[in-house]
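Asks: These are the residues of each chain, in order.
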Amino acid sequence: MTNFIQHVVDALSVGSTYALLALGLTLVFSVMNLINFAYGMMLVWSGYIAFFLTDHGVPFGLVVPACIAFATLLSMAIGRVAFRPFIGAPPITLLITSFGVLLVIQYAAIVLFGEEPRILTLPGFFGDVVTVGAIRVPMLEIITIGSAAVVVAVFYAALNRTAFGAQLRAAAELPRVARLMGVRPDHVLMLAFAISGAIAGVVGLLWFAKAGAITPHADLDPTIKAFIALVLGGLGSTRGALIGGFALGALEVALSAMLPDAALGYQPAIVFAAVIAILILRPGGLGAGRLEPAL
Amino acid sequence: VTRPVLRRDHVPGVRGFLAALVGPLLLVGVVTAIAALVYQDDTMTEIVLLFGINAIMVVGFQTFVGNTGLVSFGHVAFMAVGAYATAIVSMDPLDKQIVLKDLPGWLADTSLGVAPSLLVGGAAAAVLALVTGAALMRLSGAAASIATLGLLVITVNVLSQAGRFTHGPRALFGVPDDATFGWVFAALAAAVAISAGFKWSRAGLRARANRDDSVAAESAGIASLRARLLPFVLSAFLTGVGGGLYGMLLTAFSPASFTLSLAVVILTMAILGGVNSITGALAGAVVVTVINEVLRRVENGVDVLGVHLNTPTGMSGAVLGVLLILMLRWRPEGLLSANELQLEAPEPPRDAPAAEPAVPPPAKGARRAGQRV
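So the sequence lines, in the order shown, correspond to chains A and B. Just so it is clear: in the first sequence, position 88 is 91 by this note's numbering, and no numbers are missing. Just so it is clear: in the second sequence, position 9 is 10 by this note's numbering, and no numbers are missing.
Quick list of the computed label-pair ranges, beta carbon to beta carbon:
#1 A:Glu176 - B:Asp103: 54 to 62 angstroms
#2 B:Ala136 - A:Ala156: 36 to 44 angstroms
#3 A:His10 - B:Gly164: 23 to 31 angstroms
#4 B:Trp331 - A:Thr165: 33 to 41 angstroms
#5 B:Trp331 - A:Ala72: 30 to 38 angstroms
Everything labelled a hint here was simulated from the structure, so no lab data went into it. Here the structure is a predicted model, which means the values were calculated and not measured. Ideal Cβ positions, reconstructed from N, Cα and C, are used throughout, including at glycine.
In isolation and in its complexed conformation, chain A is listed as follows:
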């Protein structure tokens, strides 16, 4: 039983990271059908900024907002320069454009920070372990779940309780009608990129607090996980992103716990095969009730 609860906490922690990743991606996708390959690189940049600031003795309380602000600005700058000219372009063009963006900001990271891994030094309490009865929960998992809860709450409040949120939802649902109502597509796009970047700033810190080392090529893993969570839950809906993220986390933790040692090496392959199988049975993802293939 304690083992089971331990696994549930693990799954929640891993799943909330994935859910946040997918949430950041799905917003931009719903506004302009962009699958952003450069998303993981924004996490890496957030990690590098955290590394740079802590290395220069900036207190951690300031590092967090600085990282979020930086990732937000970076995301908006990328959206403005690289993606805004492509409003209305086919999804494949956007996907490949994001590949181009990835190559450029990755090179910038290599030039500034070099290829060698950088270790993020965090305040001591990140390494603590909280013991409740027989269950031992690492502090990092609690922080991860807590931050995810805060981000999701703020996200939903912004989306459902503000004028900006209403514009965003309108543009995602019926772009042409939204435009007729005076919602400017480029403003909405910038807003989506800003929120997406802010989330990337938070996840970047969480991701590299767990992974430890930051390298210019560390973006691939989070990007792939985000994509899988996204299609698993259903492209383009915030509900789908959350469902997909937690489902992927649960699947990974369950397989790690249940697979025999001999098959443990094949865990990534089994996870992906399961995801593809789910997609074939429900092309619209777990979060969607519809039967049409996802875009």
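Starting from the known structure of chain A, arrange chain B on it as the hints suggest.
Replies: Just chain B now, kept in the frame of chain A:
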């Protein structure tokens, strides 16, 4: 007299079909001749061979992406499978005893020649495409692209775990050094001929009909799955052969050699040249190889007006990224868009006797007979 022209579609008829086949092959001939000249320079041999192999891979990639409109990242998986399968059947049995001790007996003793080994590599990739494609090709658009990314992750994971056949995550070495100029460019010519043959076949037309409007194609009796599966398998075969040659060029490789960055290079070549054109695939391969080579020299440091410039490695990636974005912005269809090089006879002048209708106009009596019916 025939002349080379750029056309989107070929002239109807057998002669038009042949003209459309010969056009890209002619370009391969020109490219091969130039490559042969550059190959004489000892420092360039590796680059020329890599160019030829990349060109095979781009043509293979184009065969799928151009005809179906889906972007695949799984092609790196086909490269990897092709490279491993080719290596396993072509290696010297003595080398296998060192690197792959646990290989089943029948595989341990086999040592095929270059052409059969490459065909085995292509066939292995084609089988993987057939098995996975039956599932993957049901998806469309972004979901399909992401699922093919999953195929890449699965393949690399399995290759690094199946140590009995692949030497696991460690390097597989002792692969015969058979990626010679002759084999590479012969394979390129064959790949272009196969790809062009498919493009102008009925199956190719069905695939493009499905790409342009899948609902209309379905209602005309073209099953989406079958229309996409054939180009997927064919393109996996070509990519597998390219991967086999790549393995023979490297002679030692590991699952980590097959990363997404290979896909980026292939994708950039295909997009720059024009993803809907085989001629474009070749053109893109040439352009990107030349740019990469120039940048590589800059990375090694160049003297500009007496100042020694040195840039960190990886710049070619950034330049390719910018090129990709600019190309998509200003010429989204690529350099050649959907045009193909074709060899075609000039159309006969209108007033020439051959242009006259073969059937003479009906005589007065015949017209009267017609009125009676």
